[in-house]
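Asker: So you can see what is in the structure, the chains are spelled out below.
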Amino acid sequence: MSDLPLASSPAHRRHGSNMGQPMTRRDGILKVTGSATYAADNHPEGMLHAVMAVSAIASGRVSALDVAAAKAHPGVVEVMTPENRPALAKDPEDRDNPFMFRLDVLQNDRVRYANQPIAVVIGETLEAAQEGVRLLSPKYESETPNVGLDGAESFVPEAVGPGAPPAASIGDFDAGYADAPTRVEATYETPPQYHNAMEPHAIVAHWTAKDRLSIDTPSQGISAALGRLSGLFGIPVENIEIRTPFLGGGFGSKGAVVSPQVLGVLAAKLVGKPVKLVTRRDQMFGPVGHRAPTRQTLKLGIGEGGLLGAISHHTKTLSSAFDEFFEGSSAASHTLYASPAIATSHEAVRANTGTPMFMRAPGEASGSIALEGAIDEAAEACGMDPLAFRLANYAEKEPISGKPFSSKRLRECYEQAAARFGWEERTLAPRSMRDEDGLLVGWGVGTATFPAVMFAAEARAVIKADGSGVMESSIEDMGQGAWTALAQIAADGLGIDIEELTFRGGESGLPDAGVAGGSGHTATAGNAIHAAGVDVVRKLAELATNDEQSPLFGAGNAGVDARDGRLYRRDDETRSESYADILARAGLSEIEGSGTGAADSAAQEHYALHAHGVVFAEVKVDPDLCQMRVSRLVGAFAAGRIINPRLVESQLFGGMIWGVSFALHEGAKVDRRSGKVMNGDLAEYHVPVNADVPSLEAILVDEEDPHVNPLGIKGVGEIGITGSAGAIANAIWHATGTRVRRFPVRIADLV
Amino acid sequence: MKPFDYVRPATIEEAVQAGSMEGSAFLAGGTNLLDLMKGGVVEPQRIVDVTHLPDLSAIDATSDGGVRIGALVRNADLANDADFAGRFPAVAEALLSGASGQLRNAATVGGNLLQRTRCRYFYDVASACNKREPGSGCDAREGENDGLAVLGWSDRCIATHPSDFCVPLVAFDAVVEIAGPSRRREIALEEFHRLPGETPEKESVLEPGELIVAVRLHAESIAFCANQRYLKVRERTSYAFAVVSAAAGLIVEDGRITQARLALGSVAPKPWRARAGENLLAGQKPERAAFERAAEAALAEAKPSGDNAYKIDLARRLIVRAFERAAAGTPNPLPALPASPFAHSPEAAHV
Ligand SMILES: Cc1cc2nc3c(=O)[nH]c(=O)nc-3n(C[C@H](O)[C@H](O)[C@H](O)COP(=O)(O)OP(=O)(O)OC[C@H]3O[C@@H](n4cnc5c(N)ncnc54)[C@H](O)[C@@H]3O)c2cc1C
Ligand code: SF4
Chain A
422 MSDLPLASSP AHRRHGSNMG QPMTRRDGIL KVTGSATYAA DNHPEGMLHA VMAVSAIASG
482 RVSALDVAAA KAHPGVVEVM TPENRPALAK DPEDRDNPFM FRLDVLQNDR VRYANQPIAV
542 VIGETLEAAQ EGVRLLSPKY ESETPNVGLD GAESFVPEAV GPGAPPAASI GDFDAGYADA
602 PTRVEATYET PPQYHNAMEP HAIVAHWTAK DRLSIDTPSQ GISAALGRLS GLFGIPVENI
662 EIRTPFLGGG FGSKGAVVSP QVLGVLAAKL VGKPVKLVTR RDQMFGPVGH RAPTRQTLKL
722 GIGEGGLLGA ISHHTKTLSS AFDEFFEGSS AASHTLYASP AIATSHEAVR ANTGTPMFMR
782 APGEASGSIA LEGAIDEAAE ACGMDPLAFR LANYAEKEPI SGKPFSSKRL RECYEQAAAR
842 FGWEERTLAP RSMRDEDGLL VGWGVGTATF PAVMFAAEAR AVIKADGSGV MESSIEDMGQ
902 GAWTALAQIA ADGLGIDIEE LTFRGGESGL PDAGVAGGSG HTATAGNAIH AAGVDVVRKL
962 AELATNDEQS PLFGAGNAGV DARDGRLYRR DDETRSESYA DILARAGLSE IEGSGTGAAD
1022 SAAQEHYALH AHGVVFAEVK VDPDLCQMRV SRLVGAFAAG RIINPRLVES QLFGGMIWGV
1082 SFALHEGAKV DRRSGKVMNG DLAEYHVPVN ADVPSLEAIL VDEEDPHVNP LGIKGVGEIG
1142 ITGSAGAIAN AIWHATGTRV RRFPVRIADL V
Chain B
24 MKPFDYVRPA TIEEAVQAGS MEGSAFLAGG TNLLDLMKGG VVEPQRIVDV THLPDLSAID
84 ATSDGGVRIG ALVRNADLAN DADFAGRFPA VAEALLSGAS GQLRNAATVG GNLLQRTRCR
144 YFYDVASACN KREPGSGCDA REGENDGLAV LGWSDRCIAT HPSDFCVPLV AFDAVVEIAG
204 PSRRREIALE EFHRLPGETP EKESVLEPGE LIVAVRLHAE SIAFCANQRY LKVRERTSYA
264 FAVVSAAAGL IVEDGRITQA RLALGSVAPK PWRARAGENL LAGQKPERAA FERAAEAALA
324 EAKPSGDNAY KIDLARRLIV RAFERAAAGT PNPLPALPAS PFAHSPEAAH V
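Chains as they are written, first to last, in our numbering: chain A, 422 to 1172; chain B, 24 to 374.
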C-alpha cells in the first residue's frame, strides 16, 4: 500500500511551513481503527500456513524427526527439513557486511542455540501446521552448551557494534590512574534483553512466477532486504517486491532479514503456493536477535576539584557460536566526559545463544548505564553533587578524537532540566530524603548521548499539472512517525500544502530511503526528500524566470521562494505564479526532480556529531519492603532541528520508559546449565506496565547545527534510553544507600 | 496440542461422572489449563467443560450469615460485588491485585484454587520436573529458583502456589465444598492443598472426578472486616505474581487484640496459614513489637530452597506491615492500586 489515505490534523499547522509543527500522526486513524494492514494481515488467494519447529536444546544435533507422523495429519501439506529444503543460491553461513547476519534455515541438523528453527510444517490451516509441529517429536543428541559470559575462553573481537574498533585510547591511563588521589573501580552487569516488538517477525511470501517473489513482511531496511533475498534466492532485485507499510515496532530486530523470514520464502517455494509464517512469541527468544549481556569494569582516577584524570571502561560481552555481533558498550566513554587519559576495550566469549543484534541504542544503552553509575560513584567519592561533578568534567571537545562538536547544547540541557526538576533541593547524602508517607526518596541524574548517524537515501519528487506533488522514497515507519515527519519535510521541500502531497513509501520499487535505524532515518531520508523537492522547485523556477510571459521573468538573480504551490519573487512578493500555471504554459504534464541524503564525510572528519541530553529521575523505595517505583522523570535533549515536536516527544518518552525497563524490569533469565531462556513470554519477561510509568517530561532544547547535514537534523529514536536507566539506578542509590551494579535492580538486591 | 475429547455436561452429576474417567480435566475459565495444554505440560484426553453447569455462578448468603461463592463465579465479579467486598475486603483486594483485568474477567473461583505453580521448569517440558513427570528430578533445585519456596517444600519439589485469592481465603478459614462420584464433602481450604513431600504431582486432596462446587466463608470471619489487609510485594506495579504476599486480619477490643489471622502467599507449595504468628498476638496491644514477634514465629520454620533466602526476611517485614495496615483500619474505598505498599502515596495516585 503506497497511496496511504492519510488523515492529517489541520489544527496544528501554521501557514507555509510544515517542519517544526506538532502534527498528529497521519496514519493514526488507520491504526486506532484497526484498518492499518500489518504483514500478517495479508491473505493472498490459496495461502497456506507455515509453523516453525524450534529446538528445545541449545547445542547438539537433531537426530530424528517424525516427518511421516506430521505428514499423516489431516491438513498438513508438507514438512520442510534439511532433507527437502529448496536450494539457496548463497550459503546462509556467508555474510558480506556488518548489517547482514548468518541464518539458520535448515542447512543441516546442527543445533547452535535454543529456539533455533529445525523444521517447518506447512498446513492448510494454522492449527494443522501447529499439530504437525507437535507430531514431529524431535529427538536430539545433546552436547553441553556454552552459557553466559563465563562459559568459554574469551578473546578480543575484531570489531564491536557495526564495525568500530574494539579499543581506543588517549593519554596514559595507567599513569593517570596510579597518580590519582581518588580512585573508583566498579563492575556493572547488564542482562540479555530481547526486543519483543508487539508485532512478531511475520512474512507472507508469494512466488508469483518461478523467479518472481512478492512479500509482505516488516522491514526496517527495504533495500537491504531486497539485496539479501536476491542473493539467497539468485533472482534479480527487480524481481522482488516487498511491502512494509507499517511495522509494529522494530527496535533493530527488523533491520536485517532473519531466519524465520527466509524460511517463509523457502516454504512458499517448496509448496508452490503463497505461505504465511508468523514467529510465535516464545520463538522470538533466539532467532531474531537480542541485546547481549555485558559485564563492564570502569576505573576512574579523580584529581583535585573532582576533575577526571583517567577513565578506563572495559566490557566483556558475548556473541553466538557462529556469528558476530558484539555490544560495544565501552564506546559510551568516548564522548561524554573530559579526561586526559581514556582507555576503552572489549573482550567476548562465544555462547550457545541466538546471535545478538542491534537493539535500541546498541552499546550506548548498556554502556551508559554503567558509565553513569561509575560517574555517580566518583562524585560520591569526592563528596560532590552528581550534577556539579558532571559539569566539572564537561567535554568541550570530543575527548579521544579531539574534534569539536558540530553542536552541543548539553549545558543548556542540564540547566533547563535541573531547574524544571528542582534539583537544587536535593540533599547530598543517600537515604536522606523521605516523602510524607515515609517512603525513601532518591534523586539521580544521567547524561544522555547518541551519535548523529546517517546512511544513504534517495528520493524522487514530482509536481503535477494541477500543482499537486508526489514524493517517493521507500521509507519505513515502525511507529516512530516517518509517514508524518517525512511528509512534513516533503511538503516544505516542494513548497506545497501537505494536503496536496501524495507520499509513497513503505515498499520496494521506489527510490531507496535507506534503513530506519541508528536514529538516522529522518536525517537521511529527510535530507533526500527535501533535496528532491528543492530540485523540482529549482526546475520550475528555471522555467518561470526564463519565460517572458511569467510574472517571474528575470527574477533569476533575485531568486524565488516556493510556498503553497506558488513561486514568489524574493524581492517583490506581489509577483508570483502558481506551479500549475508554470507547467501549463510550458506544456508539461509534470516535472520531476530527485535528491539524495547521505553522511557528509567532510563534516564527519572535522566534527564530532552527537545528540545530547540529560535525565533526572525521582524514585521512591519502601524502606522495609524495598519495592521500588520511579515517580518522576524529567529529561532535556538537544538533538538538532526538530521536525515534529509531538512525535519527538513520543520518541523520547518511549526511550525514557525503556530506561525504566532497563533499570528495573527487563532481563532474560537464562538457565545456567541448559542455556535456555526460562522467561520467554510477556507474562514473565517483564517490561513496565502503565502503572510503572511515572510522570514524564521531555524538554526540547533548541539547537541549530550548521554542519551535521543540510537540514540540521540529528536523531531522537534512541537517545532517550541513555541517561534514563543510569539516572534511575543512581536515584535508587540516593534513596537507599545501596549501589546495585547488576540490572535489572530487584527487590532481592535491596532486602 | 494433543487431541482430546470435549464434553459439556448438563448437570453436576454428569460432570463428576465424566471427570471420573481416566485422563479427564475440568475446564473452567481456561486461563491456566489451556496455556498448559498448548505447551504440552498437561495432556488430558478429555476436557469436561463445566462452564455451563447451572447453579455454580452465584454469590449467596448462607443461613448462618456467611457467604457461599459458586465455583464458577468469575474473579472480577466476586471482587466487584459490593456486599462481598464489604465483608471480606482483603479477599476483594487480593483478587484485584492478581493477573490483569482480562484474566480476572475469565478466571473462576475453582480454577484459581487449582491453578498450577509458575515454576519455570514445570512449564518447560524439556526440563526435569517431578511435579510434571514424577521421578524425573527437579531442575529448579540448581536452576533459576529465586522466586520459589521457603516453607513447606521438599527435596522433590520447591515450587510455590502462586494464588493471591487463596491467601486471605485461607486466613479467614474458608471451606471448600466438593461434589464427588459417591458423595458430597467439604474441607477447610487449609487442608485442601497438599505439601509436596514425596509426591509433588498430588497438589490437592481431590480424588478423580471430584469437582469444586463452592467456597464458603463463615459469619465469624466477617468480624475481621474492619481491620484487614492483603499486601503483595511484586517486581512490577501490576500484572505480576507476588514475590511474597500476606493477608492479615485483627479483631481489636479495648485496645487489645482478641483474635488475629495471618496467611502468606508465594512462599510455600500452598497458601500458607501462619497460626504460630496468630497465636502470639491474642491479648497483645496492636503494636509493632507484637507484630514483629508474630512475624518471627510465622517464619520460624522457613529455610531457603535456593537463591531465595531474601524471601524469608521480606516475608517477616511484610507481615509487620500487613498487621500495621490492618490495625490502622481497612481502607475504604479500596486503594486505587490494590495490595500495593505504595497505595497510600499520593504520587501513586495516577494509577
Ligand atoms: C499471565 C497470567 C498472570 C497471572 N497472574 C496472576 C496473579 O498475579 N495472581 C494470581 O492469583 N493468579 C494469577 N494468574 C492465574 C489465574 O488466576 C488463574 O489462571 C485462574 O485463576 C485460573 O482460573 P480458571 O477458571 O481460568 O481455571 P482453568 O484454567 O480453567 O483451570 C485451572 C485448573 O483448575 C481445574 N478446575 C477448574 N475449575 C474446577 C472445579 N470447579 N473443580 C475442580 N477443578 C477445577 C482445572 O481442571 C485446571 O486444572 C495469572 C495467570 C496468567 C495466565
Ligand atoms: S520445583 Fe517442583 S515444579 Fe519446579 S521443577 Fe522442581 S519439581 Fe517441578
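It is worth saying that the hints were derived from the structure and are not from the lab.
Do not take every clue at face value.
[Claimed, not checked] Below are the DSS-like pairs computed for lysine-lysine, each with C-alpha atoms no more than 30 angstroms apart in a straight line:
| id | chain 1 | residue 1 | chain 2 | residue 2 |
| --- | --- | --- | --- | --- |
| 1 | B | Lys326 | A | Lys694 |
| 2 | A | Lys560 | A | Lys631 |
| 3 | A | Lys560 | B | Lys326 |
| 4 | A | Lys824 | A | Lys690 |
| 5 | B | Lys225 | A | Lys492 |
| 6 | A | Lys1090 | B | Lys225 |
| 7 | A | Lys694 | B | Lys61 |
| 8 | B | Lys25 | A | Lys452 |
| 9 | A | Lys1090 | B | Lys61 |
| 10 | A | Lys492 | A | Lys818 |
| 11 | B | Lys61 | B | Lys25 |
| 12 | A | Lys1090 | B | Lys308 |
| 13 | A | Lys560 | B | Lys25 |
These numbers come from a predicted model, not from an experiment.
Asker: Take the hints in turn and mark each one as holding or not.
Answerer: A quick look at each hint next to the structure:
With a C-alpha separation of about 60 angstroms, the suggested pair B:Lys326 and A:Lys694 falls outside the 30 angstroms cut-off, and the hint is violated. For a cut-off of 30 angstroms, the pair hint linking A:Lys560 to A:Lys631 is broken: about 35 angstroms separates their Cα positions. Note on A:Lys560 and B:Lys326: the hinted pairing is violated, with a Cα-Cα distance of about 39 angstroms set against a maximum of 30 angstroms. Taking the CA atoms of A:Lys824 and A:Lys690, the gap is about 53 angstroms. The hint is violated against a cut of 30 angstroms.
Of the pairs offered as hints, the one joining B:Lys225 and A:Lys492 is violated, with about 37 angstroms between alpha carbons and a cut-off of 30 angstroms exceeded. Pair hint A:Lys1090 plus B:Lys225 holds up; C-alpha atoms about 28 angstroms apart against a cutoff of 30 angstroms. Our distance criterion of 30 angstroms between C-alpha atoms is met by A:Lys694 and B:Lys61, whose separation comes to about 28 angstroms. With a C-alpha separation of about 37 angstroms, the suggested pairing of B:Lys25 with A:Lys452 is violated against the 30 angstroms cut-off.
Restraint check for A:Lys1090 and B:Lys61: satisfied, since their Cα atoms lie roughly 22 angstroms apart, inside the 30 angstroms limit. Under the criterion of a C-alpha separation no larger than 30 angstroms, the hint pairing A:Lys492 with A:Lys818 is inconsistent with the structure, at around 65 angstroms. A threshold of 30 angstroms between alpha carbons decides the hint, and for B:Lys61 with B:Lys25 the separation of about 8 angstroms falls inside it, so the pair holds. A threshold of 30 angstroms between alpha carbons decides the hint, and for A:Lys1090 with B:Lys308 the separation of about 45 angstroms lies outside it, so the pair is violated.
Annotation: proposed proximity of A:Lys560 to B:Lys25 holds, straight-line Cα distance about 18 angstroms (limit 30 angstroms).
The structure is inconsistent with the numbered hints 1, 2, 3, 4, 5, 8, 10 and 12, although it conforms to all the rest.
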